[in-house]
Amino acid sequence: MSAGGIKPARPFQQAARVTLANPQMRRNLRHATTTIREKRLRAVAELPDWEALRDEGAALKDHVMAHLADALLDLEAAVQARGGRVHWARDAAEARGIVADIAAAHGAREVIKVKSISTDEIELNAALAERGIHAIETDLAELIVQLAEDRPSHILVPAIHRNRAEIRDLFRRKLGAELLTDEPKQLAEAARLYLREKFLTTRVAVSGANFAVAESGTVCVVESEGNGRMCVTMPGVLVSVMGIEKVLPTWQDMAVFLRLLPRSSTAERMNPYTSFWSGVTPGDGPQEFHLVLLDNGRTDVLADEVGRQTLRCIRCSACLNVCPVYERVGGHAYGSVYPGPIGAILTPQLLHLEDRNANTLPWASSLCGACYDACPVKINIPEVLLYLRGKITEEKPLSAEAIAFKTAAWVMSEPHRFEGAIKLARSGQGPLVKNGAIHALPGMLGGWTEARDLPAFPPQTFREWWRGRPAPQPRETDGQAQTSEGELLAPQRGDRGPA
Amino acid sequence: MSGEARLEILTRINRIGAREQEPLERRPVRPSTRPRAQIVEQFAEYAAEYRANVRRLAAAEVPGALRDLLLARGSERVAVPQDLPAGWLPGGFAVTRDEPGVTDLTAVQTVVTGAALAVAETGTVVLDHGPGQGRRALTLVPDHHVCVLREDQVVDNVPEAVARLRGSVLSGRPLTWISGPSATSDIELSRVEGVHGPRVLDILLVREG
Ligand code: SF4
Chain A
1 MSAGGIKPAR
11 PFQQAARVTL
21 ANPQMRRNLR
31 HATTTIREKR
41 LRAVAELPDW
51 EALRDEGAAL
61 KDHVMAHLAD
71 ALLDLEAAVQ
81 ARGGRVHWAR
91 DAAEARGIVA
101 DIAAAHGARE
111 VIKVKSISTD
121 EIELNAALAE
131 RGIHAIETDL
141 AELIVQLAED
151 RPSHILVPAI
161 HRNRAEIRDL
171 FRRKLGAELL
181 TDEPKQLAEA
191 ARLYLREKFL
201 TTRVAVSGAN
211 FAVAESGTVC
221 VVESEGNGRM
231 CVTMPGVLVS
241 VMGIEKVLPT
251 WQDMAVFLRL
261 LPRSSTAERM
271 NPYTSFWSGV
281 TPGDGPQEFH
291 LVLLDNGRTD
301 VLADEVGRQT
311 LRCIRCSACL
321 NVCPVYERVG
331 GHAYGSVYPG
341 PIGAILTPQL
351 LHLEDRNANT
361 LPWASSLCGA
371 CYDACPVKIN
381 IPEVLLYLRG
391 KITEEKPLSA
401 EAIAFKTAAW
411 VMSEPHRFEG
421 AIKLARSGQG
431 PLVKNGAIHA
441 LPGMLGGWTE
451 ARDLPAFPPQ
461 TFREWWRGRP
471 APQPRETDGQ
481 AQTSEGELLA
491 PQRGDRGPA
Chain B
1 MSGEARLEIL
11 TRINRIGARE
21 QEPLERRPVR
31 PSTRPRAQIV
41 EQFAEYAAEY
51 RANVRRLAAA
61 EVPGALRDLL
71 LARGSERVAV
81 PQDLPAGWLP
91 GGFAVTRDEP
101 GVTDLTAVQT
111 VVTGAALAVA
121 ETGTVVLDHG
131 PGQGRRALTL
141 VPDHHVCVLR
151 EDQVVDNVPE
161 AVARLRGSVL
171 SGRPLTWISG
181 PSATSDIELS
191 RVEGVHGPRV
201 LDILLVREG
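Chains as they are written, first to last, in my numbering: chain A, 1 to 499; chain B, 1 to 209.
What the hints contain is simulated information worked out from the structure, not anything from laboratory work. Predicted, not measured: the structure shown is a model, and the values here were computed from it. Errors might be hidden in some of the hints.
Negatives, chain A to chain B, calculated, CB over 10 Å [unchecked claim]: (1) 9; (2) 14; (3) 23; (4) 60; (5) 179; (6) 230; (7) 256; (8) 387; (9) 394.
Okay, derived cross-link-like pairs now, EDC-like style, lysine to aspartate or glutamate, Cα gap no bigger than 16 Å in a straight line [unchecked claim]: (10) 185/A x 188/B; (11) 174/A x 189/A; (12) 39/A x 193/B; (13) 185/A x 193/B; (14) 378/A x 51/A.
For glycine and all other residues, C-beta sits at the position ideal for the given N, C-alpha and C.
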């Protein structure tokens, strides 16, 4: 069973130390993020009005947030008018209970699932297991993660940290698949055979939702493999769990997001399959449909004027693919189903800034701004990161480390000042450097180095270097474990760092 | 059961009173000014890039082209929606007119349908499961999907497609947007086609006039 949830078991800095010691994960991730990053630029360049489209997406999402109650009530009425049932869940436990009750009412021993981060957020699979119901993940990557009793490492390609040989062994062991080679084609075929029977015989399916249209009660699932189509079409009962922020007011609004999402996420003009359905269609697909509207901290995020923009997120994962910190530490370090830059702002907010481990996540960033540039709905992630850092250090008891965090928040609150401060530090760092690392900083910044060594400031600032750097080469130069978490905040010393 | 939760969530939202500064202005959907030929050409090109097999032909050539496709794949069991235009089908094949609850879709090798429209900008075919398209499972379970499309069904871009589909959606119809055959890149980012949906998508694009 893949572990889920949004509560990190450890502070980010500790978790990152573990994942940094996994060279395969780093190699695979670098390959994935580099590939998708380059493809995305091409896909985006094809649409002449990309910037206008981003503005439109952001404005639409802000509009929904300003009228969220109306939109949700319209959605509810439209789904009900089409024969669907709507449930409201204040928190994860309530949502899990709703889904489990529906499955149990149908006597289900198994349910099939299509990849959905919101069901991972509420740790649905474990809750179903407690009631004797086995949840079968049908997305190939999710199936791999589930069979390996692992956690997803990326929103879009959750099993990217696994190699084909490992997957072959896993399928042999867990599915009894007869596999002659580890060709991806054969592996996919093994999954097809195993799942086909499940699609045709399982009575209850659970999905997430990428979008839902208030005026028509239409739910949308975007996917590639056809497992989504199978889940929303073949079983008699369908339960879809969606965060309340996924609602859009009108059908035409879908046009904006059907252009923004595939290009930002898989870097395609369009993903292979997108399914839309409104309630129940007589004679076609599930004849019982439930929509679960999930709050689980979202109304708190909505209440915060700066944090609110986080709810625009359409889970495309573009911010992960451009993030230098993510590329190094991988998804597991974030300890939540929401990794990368979006996870660094969403996870702590969903937990009301009350979770000590999640509260370290806003520091999992170099503030280079690449995530903001890539985000199709223009979430100013660096702004929210800084804001959260400020709130966390203000509201929580201040350790020496937290005081340094606070200083860092002030220093970094504005790019020029940040770059100026770094330059100052660079010019004055001489006496403090031993073996290429800074061991103690004078004055206000001292608290930071109590807990970690900083690498020496590179001759260029991170921002200068990241902006101007060439596309990473496939060669692997840093397979060794890195132990200084300061590494995360600056490019590698030595090889491909600033020259 | 969830009446209390509903009230509480709505109350939380309303307490916030987040109101927007400026009213939203949606960009109107303007009809495309590109020449038709260019739009159709782009659709054919982009659909092919997604590994759909696109063949452009005259209406009279549809039965012959279908025959070739069925023979080439050795398809003996063909299913079609109840209301598929009879003139499309070649003679000499056992064709099942789909009946939900009766047709065993797992035994069907090829399914032939029409479409609601297609999108040039993305190479996408859209089914609204209206006339000539059948229920959703029909184009999902069989391995081979042949989609017959008229050139005048191809629209330029996504906003136009969405606008045209408004009536279908408001009348409660489901939609399936299809861009090439089923595919995954989950294993080391290598693309594999035909995971759960049809492994092969053939598009017969019928010339206007
Ligand atoms: S924050 Fe923006 S870039 Fe990141 S996943 Fe969400 S929508 Fe995509």
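Can you give the numbers of the hints that this structure goes against, from lowest to highest? 4, 6, 7, 12
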